[in-house]
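Peer 1: As given, the protein sequences belong to chains X and S, one line each in that order. Quick note, the first sequence lines up with residues 1 to 395 if you use our numbering. Quick note, the second sequence lines up with residues 1 to 535 if you use our numbering.
Hints should not be assumed to be uniformly reliable.
[Said to hold, decoys possible] 30 angstroms max Cα-Cα, derived BS3-like pairs, lysine-lysine:
id	chain 1	residue 1	chain 2	residue 2
1	S	K328	X	K70
2	S	K493	X	K19
3	X	K77	S	K502
4	X	K70	S	K75
5	X	K42	S	K411
6	X	K77	S	K430
7	X	K22	S	K493
8	S	K75	X	K26
9	X	K70	S	K438
10	X	K70	S	K411
11	S	K373	X	K70
12	S	K335	X	K70
13	S	K335	X	K77
14	S	K493	X	K70
[What the hints assert, rightly or not] Ranges between beta-carbon positions, derived for each pair:
id	chain 1	residue 1	chain 2	residue 2	range
15	X	G18	S	G513	46 to 56 angstroms
16	S	E424	X	D101	42 to 52 angstroms
17	X	I180	S	N146	29 to 39 angstroms
18	S	F531	X	E370	30 to 40 angstroms
19	X	Q257	S	G86	39 to 49 angstroms
Calculated from the structure, these hints are not laboratory results. None of the values given here were measured: they were computed from a predicted structure. Where is the CB? At the ideal position from N, CA and C, for every residue including glycine.
Each chain, written out:
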Amino acid sequence: MPRRIEEDHNSFRDVVSGKIRKALKKFIKTGSMFKNRGKNGKVQISIPRIDIPHIVYGDNNSGVGRGDVKPGDVIGKDDPKDGKGNQAGQDEGEGITISLDMDELLQFMQDELELPNLKPREENILDETKIKYTNISLIGPESLRHTRRTMLTALKRLCSTGEINKLHEIPGYKDPVKLITPINSDKRYRQHKEIRLPSSNALIIFARDGSASMDQNKCDIVSDMSWWIDVWIKRFYKRTERIYIWHDTVAQEVDEQKFYRYRFGGGTTCSSALKLISKQFENRFPPQKYNIYVFYFTDGENYPDDNGEFINVLKEKFGPETVNLFAVTQIQAYDYRNSVMEAVDTAVVDNVLGDHVKTADIFLKTGAPEERSDAILSAIRQLMGAKGAAKAGSD
Amino acid sequence: MSNKFMYNSPILLGSNTTPGVQIPPELKKVIPDIFKACQEFGLDYFPPIIQMLTHDEMSEVASYGGFGVRYPHWKWGMEYEEMQRGYMHGMHRIYEMVINTSPCFIYCLNSNTLLDNVTVIAHALGHSHFFKNNLFFQHTNKNMLNEFANHGTRIRRYMSRWGKERVIEFIDNVLRIETLVDNSKAWNTRQVKEPIIRDHRKYRQPRRMKTDSTRMYMDDWINTKEFMEAEHKRIEKAEKADDLGLMLKPEKDIFGWIKDNANLKPWQSDIMAMLYEEAMYYAPQGMTKTANEGFASYCDYKLIAEQGLCALGQDGHDYGIVEYAKHKMGVLGGKYSTNPYKLGFCLLLEIEERWNKGKFGPEWEDVSSYKEKENWDKNLGLGKEKIFEVVRLYDDVNLINEFFDQDFCDKYQFFDWQKQENGEYVVQSKDASVIKKKLIAKHSNRGLPTISLVDPNHLGKGIMLLEHAWNGRTLYIPYVNETLVSINFLTGKPVLLASRDKNGEEIIFYCEGYGDSQVHQLTRAKYRREFGISV
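Bound-form chain X, shown alone (with noise of 0.2 angstroms):
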């Protein structure tokens, strides 16, 4: 029988996770997301303190206590800076943290953001070979002897040939006893089945402009952005590789860290990026064994010439055939006019360019952190959502 406690005990724990939910939602809205990326696969999320609320005293600025002391001792101190203390915090900040698995965190985001689950393209799914213990076999090495088996064959064995109900003398034991003995042709051994498995992975190509005009502050929403990206993707593939891609008129890949510092003066040539990134399809990534899912991060600038070649480079080696997504992000432009971007759009209304192409475009106002994660997010919204929601966001 369940002990009483245990239902109010669940119903507590139900309490608990509510207000995660509640704190879960804070923490993606005010973009302190951004700031805390979890350690060790885990986030850091404070909760309020669980407790009924009842009217009670503030602040407990004077006491009594007892000891060997003359007025004016000081028998303690507070850090005044610290604020916690015996201030028993009059504000809400004060609570519980606790760490949560970034399954949880993401399972949250995918509902709160409605994204869909990432699908790998069909031809695509390999398959890799598992080894599982579940056959039975009548021979094998003793280490792997199914005892439970072998007892059972050697009692079947014994009740069919009526030999069960022989006692046996067995020194040290009073009375005699029944016994089963295994002999050889009774033993089972474990064998080993090979299972296939399908199986998938994924190549996420991260590109950025990398021209003068993309600041400081472009290249940390880039950062931002990117992390949660590649959080995302990894949820859904096995194994996933990773390539940087940076570029001003000629198109070079770097390491992570270079990516999102690297900083340089001159000019823009989009495509370059793009000639680069269908170079490594040929020997280095085939297409066939990888579902490629593609970032491309501008600021909108490009030699104007340039759009075209893009495009056209885009249409040629960048097909639904070849990657799953090809995702191109503009931060802070100067003008929609003769962007990047407005040429994908263009020829994305004109047929020219497949579905598997999306835009999204982060334009900031004030900077707040509020509006800048809400930008961030509605920006993956856009990116990785279904359709109709991609619609709805770019309204």
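Position chain S against the provided structure of chain X, taking the given hints into account.
Peer 2: Positioned in the frame of chain X, the structure of chain S alone reads:
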């Protein structure tokens, strides 16, 4: 004693097996000896039932407040989790629990040592004596175990009829105003609410002095014309106030007022009545915590240490005293502990010493020389008698008010500290009157702020006006907000609470509706503007 039939039954002698675990034989052997020693000491308790529990069961019982069956609510689960966590980290453990019922249930932890359990039983019988004899527990229901179980059944039924979440939301709101009761009403006998009759009228009689029937001629002199006129006026005023629905004096019992007057559905009123009863049941325990715990500690100290019960079931007659001292230290804290239980224990010891030596009365107060005071001993031996008198008649506030004086304060080295601007805690004084004031403030109204309902129909707009009797300490604002929201939920009216901040400036909390952001803080000027009051 209503449970006479239980005497000499095996259950009283500890041979019960459910729930919990079997009582170990060495404890079972000594239980009659403990009972005998307690009776000889003069304890008068309810018939006890001793139960051994494992730690898990103990946590369960303790989180239900000592009662096996309560209404379903997550707050029990919260306490259970806290207790389990505390035990896991080795921070605290509950040695015993005893409840104010007849028969009285004593729960012992099965991982206790034999001496621990002997101590626990003596201690619990002390509590039971207090419950049975103290004035403040006179009107508590001694059959509360069944009552609580009935409440559980009724609330479960409402949950299945009206939906669990709905009922829990209601209970959550009621529990927030749980502390807004008038503790003195614990004496009131329960009344069934009168049915509302449309032209029902309360008749008031003028007060008059009694005159003997043979001396009627004296009546004009005793009940003078002026006196009678004043009486009639008073009645007229009260009746007018009744007609208009005015409140003549502030009501401290806000919970009770809402229970009787709010516009609630029948199931809601029933739940409120049940929770009110539970709150009132616990009120005397809040009022006598220090005295009660002090007396129980005094009992086990007297029995175990002085009468040598610590050697019960041990190998030698002087075994166990060190272990007992250790146990006691863990419960009451060390030399300089400010544990309220320690305060009660020390006060009772002091009372015993004074009445044993005759250190009371005008004769003693006239003594001025220090040396004479030191050697004062009249060998009266009245200590124990006085202690039992205190147990009968006193609550915490009275106990401290009467017996906490400069001598006691010096002997136990009390001091008064204050927190400075720079975060330092500085000792202010060792003056007994200052310290006493603080201790009394800490114990009166169970250490909670005094809130009273001044006007349920403020300005004729149906606003509930509450007032906080400010004494220099401020309220904890987030909780005030949530409590006001709950009062709004229960009464359906806007709520005003007048209080002051730490500088003495007036602040008025104004709750407009049911919701998190519905409470605002107003100054007096803003309040006047908002409610259209001209100066």
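Peer 1: Would the pair S/K75 and X/K26 pass a check requiring their Cα atoms to be no farther apart than 30 angstroms?
Peer 2: Measuring from Cα to Cα gives roughly 25 angstroms; hence the hint holds.
Peer 1: Sort out whether X/K70 lies within 30 angstroms of S/K328, counting only the CA atoms.
Peer 2: It holds: about 28 angstroms lies between the C-alpha atoms, which stays within 30 angstroms.
Peer 1: Look at the Cβ atoms of X/I180 and S/N146 and judge whether their distance stays inside 29 to 39 angstroms.
Peer 2: violated (56 angstroms)
Peer 1: For the pair supplied as a hint, S/K335 and X/K70, is the alpha-carbon distance within the 30 angstroms limit?
Peer 2: Distance of about 17 angstroms is within 30 angstroms: holds.
Peer 1: Does the alpha-carbon distance linking X/K42 and S/K411 stay inside the 30 angstroms limit?
Peer 2: At roughly 55 angstroms apart (the allowed maximum being 30 angstroms), S/K411 and X/K42 break the hint.
Peer 1: Sort out whether X/K19 lies within 30 angstroms of S/K493, counting only the CA atoms.
Peer 2: holds (28 angstroms)
Peer 1: Decide if the proposed pair is consistent with the structure: S/K493 and X/K70, CA atoms, cutoff 30 angstroms inclusive.
Peer 2: violated (53 angstroms)
Peer 1: Is 30 to 40 angstroms respected by the C-beta to C-beta distance linking S/F531 and X/E370?
Peer 2: At 35 angstroms between Cβs, range holds.
Peer 1: Straight-line Cα separation of X/K77 and S/K430 no greater than 30 angstroms?
Peer 2: holds (20 angstroms)
Peer 1: Holds or violated: are the alpha carbons of S/K335 and X/K77 at most 30 angstroms from each other?
Peer 2: holds (21 angstroms)
Peer 1: For the hint 39 to 49 angstroms, verify it against the beta carbon of X/Q257 and that of S/G86.
Peer 2: Because 46 angstroms falls inside the window, the suggested range holds.
Peer 1: Are X/K77 and S/K502 close enough, with their CA atoms no more than 30 angstroms apart?
Peer 2: holds (21 angstroms)
Violated hints for the displayed structure, listed by number in ascending order: 4, 5, 14, 15, 17.
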